[in-house]
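Residues per chain are reported as follows:
2 protein chains.
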Amino acid sequence: MFYEISIIQFKKVLNNLSAILDKAEAFAETKKFETTVLAQSRLAPDQLNFTRQIQIACDTAKLGVSRLTGKEAPTHQDDEKTFAELKTRINSTISYLDTVTAKDFAESGSKKITHQRWDGHLTGEDFAIQHMIPNFYFHVTTAYAILRHNGVDIGKKDYLGALPFKK
Amino acid sequence: MFYEISIIQFKKVLNNLSAILDKAEAFAETKKFETTVLAQSRLAPDQLNFTRQIQIACDTAKLGVSRLTGKEAPTHQDDEKTFAELKTRINSTISYLDTVTAKDFAESGSKKITHQRWDGHLTGEDFAIQHMIPNFYFHVTTAYAILRHNGVDIGKKDYLGALPFKK
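Protein chains in written order, with my numbering: chain A, 172 to 338; chain B, 172 to 338.
These are computed hints drawn from the structure, not numbers from a lab.
Among these hints, one or two may not hold up.
Copies of the same chain look alike in the list, so a pair counts if it works inside one copy or between any two.
Mimicking SDA-like on lysine to any residue, the simulated pairs with C-alpha atoms at most 20 Å apart in a straight line are [to be verified]: (1) K282 to E175; (2) K252 to D230; (3) K202 to D249; (4) K327 to S266; (5) K203 to G322; (6) K252 to R223; (7) K202 to L219; (8) K182 to N306; (9) K182 to Q218; (10) K337 to H292; (11) K182 to H292; (12) K327 to E196; (13) K338 to G322; (14) K327 to D290; (15) K274 to M172; (16) K338 to I284; (17) K337 to E205; (18) K327 to N306; (19) K328 to A273; (20) K338 to E296; (21) K252 to A277; (22) K182 to H302; (23) K202 to A215; (24) K327 to P216; (25) K327 to Q287; (26) K258 to T294; (27) K202 to T294.
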């Protein structure tokens, strides 16, 4: 289930996030303000701003999958300033996810996942379920909440996206 | 992996959420305001308030697991007004999750999940990955964001909780 939980779902939600950025851009144009205002917005003075939320959401997907599969991920400089640059960052993350196959996760469940700040390791399964997935949705939802608080007309459907209904 | 993704992780995050409510209560006491102010807070005038976010997070866990396993879930009246009542709601949800075992998910992956508002059905796997999980984290993170915006001193660790490191 690793592939479905990470690759399929991360790509979908990152595409949804890109469409949410489009809606925010359209809102800024209508209201005649610069999108950089939104890029620098936050919900509390000691919270990471919108730009950082997007960067970390992308990195959670990219680095999480890289740790689980061993497939090297592209590096990013975290120097995005504009919405166009943030969308490029999202697209670059999706392009990396596109290179990973279900087979690449064959050993992921029992893999030892380490991090310099961690005392010990997590199994791949614990890492995916208790860190990668909740962390990814945390930053996407926080980015969404920052826009919502600033009046962008988005709803939960924009976050969840279309569901694969079957007849 | 259904059991780990839903029961283990939902229980953990709901316990984290309950501890976050404790921090919010302590903050309200220090600042000398009623927690009902937080219970009614929202980030935008047309967003569901904090209380509704908690109720929906609980229902997403409870009803999602019930749909996947067929194990009947307790009903709740959505009449919580106080933080104490919200914590009772969270605890009641955790108690229900406690009754579900890994075996109960044996048929979940291929189960047809239906909803009156849906045109067609979702497979259990698609429902879990593309609806239940992102929806759960969406409402927990939104509740967190409402408190964060109101000055409660919480961080991402309060949301993620302890990780099961191994030596």
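Check each numbered hint from earlier against the structure, then list the numbers of those it violates in ascending order. 3, 4, 7, 9, 11, 13, 17, 19, 21, 26 and 27
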